[in-house]
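Chain by chain, the residues:
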Amino acid sequence: MGGLIDVMPGPPVDRDEHDYALWEKRVDALMVLASAKGYFTVDGLRRALEDMGEESFETMTYYERWIASVTQNLIESGAFTIEELRAQMEQVQARGDTYGEASLDSGKEQADA
Amino acid sequence: MPEPAPNFLPPYWDADAAKPAFSMGKKVRVKSGAPPGHVRTPWYVRGRTGVVERVCGHFHDPQELAYGRGDGPKLPLYRVRFALADIWGAEAGFAETDTIDIEIYESWLEPFWDYGGDFDAQAARLEKELG
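Here the protein sequences line up with chains A and B, keeping their order. Numbering-wise, the first sequence is residues 1 to 113 according to the numbering used here. Numbering-wise, the second sequence is residues 1001 to 1131 according to the numbering used here.
These aren't lab readings, by the way, just hints derived from the structure by calculation. Even glycine gets a Cβ: it sits at the ideal position worked out from N, Cα and C. One should not assume that every hint holds.
Partial chain A-side listing against chain B, Cβ under 7 angstroms, derived [claimed, not checked]:
{"id": "1", "residue": "Thr41"}
{"id": "2", "residue": "Asp43"}
{"id": "3", "residue": "Arg47"}
Subject to a maximum C-alpha distance of 20 angstroms in a straight line, what follows is the list of computed SDA-like cross-link-like pairs (lysine to any residue) [to be verified]:
{"id": "4", "chain 1": "B", "residue 1": "Lys1074", "chain 2": "A", "residue 2": "Gly38"}
{"id": "5", "chain 1": "A", "residue 1": "Lys37", "chain 2": "B", "residue 2": "Pro1062"}
{"id": "6", "chain 1": "A", "residue 1": "Lys37", "chain 2": "A", "residue 2": "Thr61"}
{"id": "7", "chain 1": "B", "residue 1": "Lys1027", "chain 2": "B", "residue 2": "Ile1087"}
{"id": "8", "chain 1": "A", "residue 1": "Lys25", "chain 2": "A", "residue 2": "Leu74"}
{"id": "9", "chain 1": "B", "residue 1": "Lys1019", "chain 2": "B", "residue 2": "Ile1087"}
{"id": "10", "chain 1": "A", "residue 1": "Lys37", "chain 2": "B", "residue 2": "Gly1070"}
{"id": "11", "chain 1": "A", "residue 1": "Lys37", "chain 2": "B", "residue 2": "Gly1068"}
{"id": "12", "chain 1": "A", "residue 1": "Lys37", "chain 2": "B", "residue 2": "Tyr1067"}
{"id": "13", "chain 1": "B", "residue 1": "Lys1074", "chain 2": "A", "residue 2": "Val42"}
{"id": "14", "chain 1": "A", "residue 1": "Lys37", "chain 2": "B", "residue 2": "Asp1071"}
{"id": "15", "chain 1": "B", "residue 1": "Lys1019", "chain 2": "B", "residue 2": "Glu1110"}
{"id": "16", "chain 1": "A", "residue 1": "Lys37", "chain 2": "B", "residue 2": "His1060"}
The task is simple: from the sequences and hints, build the whole structure.
Laid out in C-alpha cells, this is it:
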C-alpha cells in the first residue's frame, strides 16, 4: 500500500510453509501465463490489488485478491469479454461444488494408474 | 559514499533514453503530493531529502505500466539514501549512520539546493540554471 504507515505494524509473521489449494496454484500459473503473453504486467496486478482498498486485505485471502486483480486486468486488456467470463463461470458452476476436489482426485488416480 | 568509477554505466542502461539528471552523491528532494493511482514512491519519503546512492539504469514507468501503457519512454531510476532520523524524527532513536535506500524514478525527484538562507546565492544559481 505504498508504505502507508497506519496499516503497520502487523502481528508476527508465521514463516512456516503451508499447502496451497489447487485453485490457488492455478491462479498463480494464470498470472505467469498472462504476463508472458503480454496481457498485463505485475504493475497492473499491483494496481488492481491496491484499488480494492485496504479492507480487502482483511476480508479476502491472498489468492482471492490475486484472481480478482488478474480478472480485472484481463478484461481491461481484452483477453476476454465480460459476457465470455459470465458464460464460463456459469458452465463451471454447473459442474457442482465438489468439482475442484474431484479434479484433484482424478488427477491422482491417473498418476497412480 | 564511494566515487563512481570513470565511464561506469549501470546495468539496464539504455543509450536511447534520457540521460539521468542526477549523478551519484547528488542531493535530491523527493516531490510531494498524493495523486491517486499506482505510485511507487513511498509516502514516508515524499518531500524528504536524500542522496543519490547510485543510478540503477532505465526502466519503463510503473505508473504507466500499471494501466497497460508500456510504450512510453524509459525513465532513469535511482537508489536514493535517506537518513532514518530525517524520516522518523530524532525521537525515534536512530543513529546518524542508520539509513534506508529506496529506488525512486526520476519523475519523482528534484534537485536540492541548500543555500543556508543565502538568498542572493540562490537567486544567482537559479538564474544560471534556468536562464
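The hints, checked one at a time:
Hint status for Thr41(A) relative to chain B: holds, with the closest Cβ pair at about 5 angstroms, below 7 angstroms. Against a cut-off of 7 angstroms between C-beta atoms, the interface hint on Asp43(A) holds, since the closest Cβ of chain B lies about 4 angstroms away. Hint on Arg47(A) holds. Least Cβ distance to chain B is approximately 4 angstroms, under the 7 angstroms limit. For the suggested pair Lys1074(B) and Gly38(A), the alpha carbons sit about 18 angstroms apart, so the restraint of at most 20 angstroms is met.
Of the supplied pair hints, the one linking Lys37(A) and Pro1062(B) holds, its CA atoms being roughly 18 angstroms apart against a limit of 20 angstroms. Under the criterion of a C-alpha separation no larger than 20 angstroms, the hint pairing Lys37(A) with Thr61(A) is inconsistent with the structure, at around 26 angstroms. About 15 angstroms separates the Cα atoms of Lys1027(B) and Ile1087(B), which keeps this hinted pair within 20 angstroms; it holds. For the given pair, Lys25(A) sits about 18 angstroms from Leu74(A) by alpha-carbon distance, which is consistent with the 20 angstroms threshold.
A C-alpha spacing of about 29 angstroms is found between Lys1019(B) and Ile1087(B), which places the hinted pair above 20 angstroms, so the restraint is violated. Of the supplied pair hints, the one linking Lys37(A) and Gly1070(B) holds, its CA atoms being roughly 14 angstroms apart against a limit of 20 angstroms. Between the alpha carbons of Lys37(A) and Gly1068(B) the distance comes to roughly 13 angstroms, so the proposed pair stays at or under 20 angstroms and holds. For the given pair, Lys37(A) sits about 16 angstroms from Tyr1067(B) by alpha-carbon distance, which is consistent with the 20 angstroms threshold.
About 17 angstroms separates the Cα atoms of Lys1074(B) and Val42(A), which keeps this hinted pair within 20 angstroms; it holds. At roughly 16 angstroms between alpha-carbon atoms, Lys37(A) and Asp1071(B) fall within 20 angstroms of each other, so this suggested pair holds. The hinted pair formed by Lys1019(B) and Glu1110(B) meets the criterion: a straight-line CA distance of about 15 angstroms does not exceed 20 angstroms. Between Lys37(A) and His1060(B) the CA atoms are separated by roughly 18 angstroms; this keeps the pair inside 20 angstroms, and the hint holds.
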